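S.K.: What follows is the residue order along each chain.
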Amino acid sequence: QVQLQQSGAELMKPGASVKISCKATGYTFSSYWIEWVKQRPGHGLEWIGEILPGSGSTNYNEKFKGKATFTADTSSNTAYMQLSSLTSEDSAVYYCAREPWFAYWGQGTLVTVSA
Amino acid sequence: DIVITQDELSNPVTSGESVSISCRSSKSLLYKDGKTYLNWFLQRPGQSPQLLIYLMSTRASGVSDRFSGSGSGTDFTLEISRVKAEDVGVYYCQQLVEYPRTFGGGTKLEIK
Chain A
1 QVQLQQSGAE LMKPGASVKI SCKATGYTFS SYWIEWVKQR PGHGLEWIGE
51 ILPGSGSTNY NEKFKGKATF TADTSSNTAY MQLSSLTSED SAVYYCAREP
101 WFAYWGQGTL VTVSA
Chain Y
116 DIVITQDELS NPVTSGESVS ISCRSSKSLL YKDGKTYLNW FLQRPGQSPQ
166 LLIYLMSTRA SGVSDRFSGS GSGTDFTLEI SRVKAEDVGV YYCQQLVEYP
216 RTFGGGTKLE IK
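Protein chains in written order, with this note's numbering: chain A, 1 to 115; chain Y, 116 to 227.
Please keep in mind that the hints were generated in silico from the structure rather than gathered at the bench. Treat the numbers as computed from the prediction; the structure is a model and nothing was measured. There could be a bad hint or two in this list.
[Stated by the list, open to error] Sample of chain Y residues facing chain A (criterion: CB under 7 Å; computed from the structure): (1) Tyr146; (2) Tyr152; (3) Asn154; (4) Phe182; (5) Val198; (6) Pro215; (7) Gly220; (8) Gly221; (9) Thr222.
In this text, a Cβ means the ideal position worked out from N, Cα and C, and glycines have one as well.
Given the sequences, and given the hints that come with them, work out the whole structure.
M.R.: In structure tokens, the structure reads:
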């Protein structure tokens with residue numbers, strides 16, 4: 001069965017970078033877009049962007065260009081999202097999900113940015 | 116960007132009743148292929164979102180037939196019949212007709 005297993009919670013200092021992982025099992029990793037979604041209390045769900053692991057093709061929400069960078073390692077079936085120059089506004093739960101239709105979701109990774 | 120608007124439910128719902136949750140889009144989600152690119156999700160407390168409905172009216176695998184989706188190009192409804200305690204959570208709609216993908220603000224369902 002399809003599963004997406006995300007890395008654990010992170011506590012980061014302002015200005016630092018963090019890399020979140022999303023390990024996929026149960027399907028052909030290279031063939032399906034991996035989506036990234038941000039959730040902050042009171043701010044609902046925000047789509048950050050997506051990556052197609054087989055080709056490395058990406059689509060970013062303009063709002064997150066320069067903030068988020070997607071990569072994927074097909075040898076380990078793992079997708080990554082790096083968030084740079086962290087501020088308190090980046091404190092959130094980050095989800096990976098799989099197309100089509102965002103049918104499968106990881107459990108979420110809590111990123112807390114605090115001095 | 117396409118703006119997705121969801122209303123709040125006015126009151127908690129009684130178990131066994133039916134409830135409708137609405138969603139409006141600032142632009143038609145009907146694509147040139149004749150399909151309407153709208154998803155519905157349920158996020159239960161402390162859990163990840165779960166896909167309920169895609170392409171406006173197609174139930175996702177394993178989803179109860181108590182959930183049904185309908186609508187036009189810009190106005191959409193999720194109907195939940197015979198509401199159960201397990202249906203509690205926040206319901207989100209999402210458009211996938213163009214980038215960036217956008218979500219509604221969510222509608223919270225509470226049971227009396």
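S.K.: Which constraints among the numbered hints does this structure fail? Numbers only, ascending.
M.R.: 1, 2, 4, 5, 9
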